[in-house]
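Visitor: Sequence:
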Amino acid sequence: MDRRYKDILDQLINGVYTTDLNRVITYWNRAAEKITGYSADEVVGKRCADNILVHVDGEGNNLCLGMCPLALSMGDGSARETLVYLKHKDGHRVPVQVRATPLRDEEGKIVGGVEIFEDASNLVSQEEKVSILERLAYLDELTRVGNRRFIYDTLEDHLRDLKEIGWPFGVVMMDIDHFKKVNDTYGHQAGDDVLRNVANTILSSLRSFDSLGRYGGEEFLVILRNVDPQELLRIAEKLRVLVEATWTDAGREIITVTISGGATMADPNDTPESLIKRADDLLYRSKQGGRNRITPG
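Going by this note's numbering, the sequence shown opens with residue 12, and the numbers climb by one from there.
It should be emphasised that the hints constitute simulated quantities derived from the structure, not laboratory data.
The reader is advised that the hints may include incorrect statements.
[What the hints assert, rightly or not] Calculated lysine-lysine pairs in the DSS-like style (CA-CA distance at most 30 Å, straight line):
| id | residue 1 | residue 2 |
| --- | --- | --- |
| 1 | K120 | K192 |
| 2 | K288 | K191 |
| 3 | K17 | K120 |
| 4 | K45 | K174 |
| 5 | K57 | K100 |
| 6 | K298 | K288 |
| 7 | K174 | K140 |
| 8 | K45 | K249 |
| 9 | K140 | K288 |
| 10 | K57 | K191 |
| 11 | K100 | K45 |
| 12 | K288 | K249 |
| 13 | K174 | K288 |
| 14 | K192 | K45 |
| 15 | K120 | K174 |
| 16 | K100 | K192 |
| 17 | K192 | K288 |
| 18 | K45 | K17 |
| 19 | K17 | K140 |
| 20 | K45 | K57 |
| 21 | K45 | K288 |
| 22 | K57 | K192 |
| 23 | K120 | K249 |
| 24 | K298 | K191 |
| 25 | K249 | K298 |
| 26 | K140 | K100 |
| 27 | K249 | K191 |
| 28 | K120 | K57 |
| 29 | K17 | K249 |
| 30 | K249 | K192 |
Since the structure is predicted, the reported quantities are computational estimates derived from the model, not experimental observations.
All chains should be built: construct the whole structure from the sequences, respecting the hints.
Guide: Below you can see the structure in the form of structure tokens.
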């Protein structure tokens, strides 16, 4: 493949790989490495069905034994799109939306195939996501989002990607304003309901590849992939406005709250601790500045 095309494909957020007619992998882009855990060196020259990627459907049926989307596309010349689960290098299944299509030479003869796949976590039920967090001891029991351990492990992974591949990301530390007053006025049960509602509002407004964790108390950390500083601030402001418009029924009264936040981009020299501290310092500035605002930095 021409180097120019490889450079372009390596910038995509979707995984892309090509094969010859025998399904021997001939190209593997960087997003494919990230999604599956396999490097190009580990898969190029091997067949995708050789216990490397093994596509299965939602019922666990091995599609490589006869219903491989890519093999079928190369066989009849038609493109196919479907939801499958790929085998990750560490053993777990990754839900991906796959589009398989044949590759043709200048005369129109089929000479191979290309498969494009994207993270399909947004198509997986929220219940299944919670089940995964719970199984990995990553779940905050009250809010049903990630816990502090989830936050630190996710930041470690993203910082590694930033250093090795150059994928940018940013974080927003958010804190519910005057939360102690909510507990004192309405009771801890109402306070718990507020925490759950705020978490649900934020989580439902994120993209499938973003992450949310409860850092502690009334603090949440949002982790946003593939953003620049302007996009980071735009999303953080959107979340602030959405939380302000959220309400919690406390019986005779309706509780509304606001959040303050600190938004910052990750640096390759960061550690999870340094990144969180910077976001927390910016959050403090938002509190000092009057609350219900986002401070970038």
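Visitor: Each hint: holds or not?
Guide: Status of each hint after checking the structure:
1. The hinted pair formed by K120 and K192 fails the criterion: a straight-line CA distance of about 71 Å is larger than 30 Å.
2. Only pairs whose Cα atoms come within 30 Å are accepted, and K288 paired with K191 is accepted, the gap being roughly 22 Å.
3. Among the hinted pairs, K17 with K120 is consistent with the structure: their alpha-carbon atoms are about 23 Å apart, no more than 30 Å.
4. Proximity of K45 to K174 is assessed by CA-CA distance (about 13 Å); at most 30 Å being required, the pair is judged to hold.
5. Between K57 and K100 the alpha-carbon distance is near 15 Å, which keeps this suggested pair within the 30 Å criterion.
6. The suggested pairing of K298 with K288 holds, with an alpha-carbon distance near 15 Å, which does not exceed 30 Å.
7. With a CA separation close to 27 Å, the supplied pair K174 and K140 stays within the 30 Å bound.
8. For a cut-off of 30 Å, the pair hint linking K45 to K249 stands: about 28 Å separates their Cα positions.
9. In summary, the hint linking K140 to K288 is supported, as the alpha carbons are separated by about 28 Å, within the 30 Å threshold.
10. Taking the CA atoms of K57 and K191, the gap is about 59 Å. The hint is violated against a cut of 30 Å.
11. Restraint check: the Cα-Cα separation between K100 and K45 comes to about 10 Å, which is no more than 30 Å; the hinted pair holds.
12. For the hint pairing K288 with K249, the CA-to-CA distance comes to about 23 Å; that is within 30 Å, so the pair holds.
13. At roughly 20 Å between alpha-carbon atoms, K174 and K288 fall within 30 Å of each other, so this suggested pair holds.
14. Proximity of K192 to K45 is assessed by CA-CA distance (about 44 Å); at most 30 Å being required, the pair is judged violated.
15. The straight-line distance between the Cα atoms of K120 and K174 is roughly 41 Å, outside the 30 Å bound, and the hint therefore fails.
16. At most 30 Å may separate the alpha-carbon atoms for a hinted pair to count; K100 and K192 exceed this at roughly 48 Å.
17. For the hint pairing K192 with K288, the CA-to-CA distance comes to about 25 Å; that is within 30 Å, so the pair holds.
18. Between K45 and K17 the CA atoms are separated by roughly 16 Å; this keeps the pair inside 30 Å, and the hint holds.
19. With a C-alpha separation of about 33 Å, the suggested pairing of K17 with K140 is violated against the 30 Å cut-off.
20. For the proposed pair K45 and K57, the alpha carbon gap of about 18 Å is at most 30 Å, so the pair holds.
21. About 27 Å separates the Cα atoms of K45 and K288, which keeps this hinted pair within 30 Å; it holds.
22. Straight-line distance between C-alpha atoms of K57 and K192 comes to about 61 Å, which puts the hinted pair past the 30 Å bound.
23. Of the supplied pair hints, the one linking K120 and K249 is violated, its CA atoms being roughly 50 Å apart against a limit of 30 Å.
24. For the hint linking K298 to K191, the alpha-carbon distance of about 14 Å falls within 30 Å, and the restraint holds.
25. Between K249 and K298, the direct Cα distance comes to roughly 18 Å. Compliance with the 30 Å bound is thereby established for this hinted pair.
26. Taken as a hint, the K140 and K100 pair is honoured in the structure, with Cα atoms around 19 Å apart against an allowance of 30 Å.
27. Taking the CA atoms of K249 and K191, the gap is near 24 Å; set against the 30 Å cutoff, the hint holds.
28. Using a Cα cut-off of 30 Å, the hinted pair K120 and K57 holds, with the two alpha carbons roughly 23 Å apart.
29. Of the pairs offered as hints, the one joining K17 and K249 is violated, with about 35 Å between alpha carbons and a cut-off of 30 Å exceeded.
30. Simply put, K249 and K192 have alpha-carbon atoms about 25 Å apart, close enough for the 30 Å limit, and the pair holds.
Consistency note: the structure conflicts with the earlier hints numbered 1, 10, 14, 15, 16, 19, 22, 23 and 29.
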